[in-house]
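Under my numbering, think of the first position of the sequence shown as 2, with each following residue one higher.
Think of the hints as simulated: they come from the structure by calculation, not from any bench.
You can trust all of the hints, since none of them are fake.
What follows is a list of derived Cβ distance ranges for each label pair:
(1) Ala10 - Val89: 12 to 22 Å
(2) Gly79 - Tyr17: 29 to 39 Å
(3) Pro24 - Leu102: 41 to 51 Å
Just so we're clear, the structure is a prediction, and the values are computed from it rather than from any experiment.
All residues carry an ideal CB built from backbone N, CA and C; glycine is no exception.
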Amino acid sequence: MVPGSVIAARFGKPPYAIAQEDPLWHQLTEYSAVALRNVAQLWMPQCIMLGGLMVVGYPTIPLEPIRAELKKHPLTKGIDIRKAACGVFGGLYGAMRVAQLVGRQE
Numbered sequence: 002m003v004p005g006s007v008i009a010a011r012f013g014k015p016p017y018a019i020a021q022e023d024p025l026w027h028q029l030t031e032y033s034a035v036a037l038r039n040v041a042q043l044w045m046p047q048c049i050m051l052g053g054l055m056v057v058g059y060p061t062i063p064l065e066p067i068r069a070e071l072k073k074h075p076l077t078k079g080i081d082i083r084k085a086a087c088g089v090f091g092g093l094y095g096a097m098r099v100a101q102l103v104g105r106q107e
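Based on the sequences and whatever the hints tell you, model everything.
Structure, rendered in structure tokens:
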């Protein structure tokens with residue numbers, strides 16, 4: 002999705018300094034919904050897990066508009082959208098697991 006560092010570089014302040022009511026969050030939610038719909042149509046997952054501060058922090062990209070966007074389309078209407086249980090550390094945990102698996106193969 003959108004890293005907080007990209008938001009900070011583009012708008013001159015980190016995401017946590019942008020009020021939840023700011024129209025930027027609505028725009029990011031729309032872009033995220035369309036991006037996830039496009040990816041979901043290619044891969045057809047049963048579930049999409051979203052993590053990182055942009056989703057589990059505050060302010061946040063809300064999941065309901067994303068779910069609503071996916072429900073509009075026949076190919077994506079049954080996909081479950083969830084917040085990652087690992088919160089902001091999901092990417093780190095995933096990278097560590099991949100490193101473990103790659104290390105075993107060598």
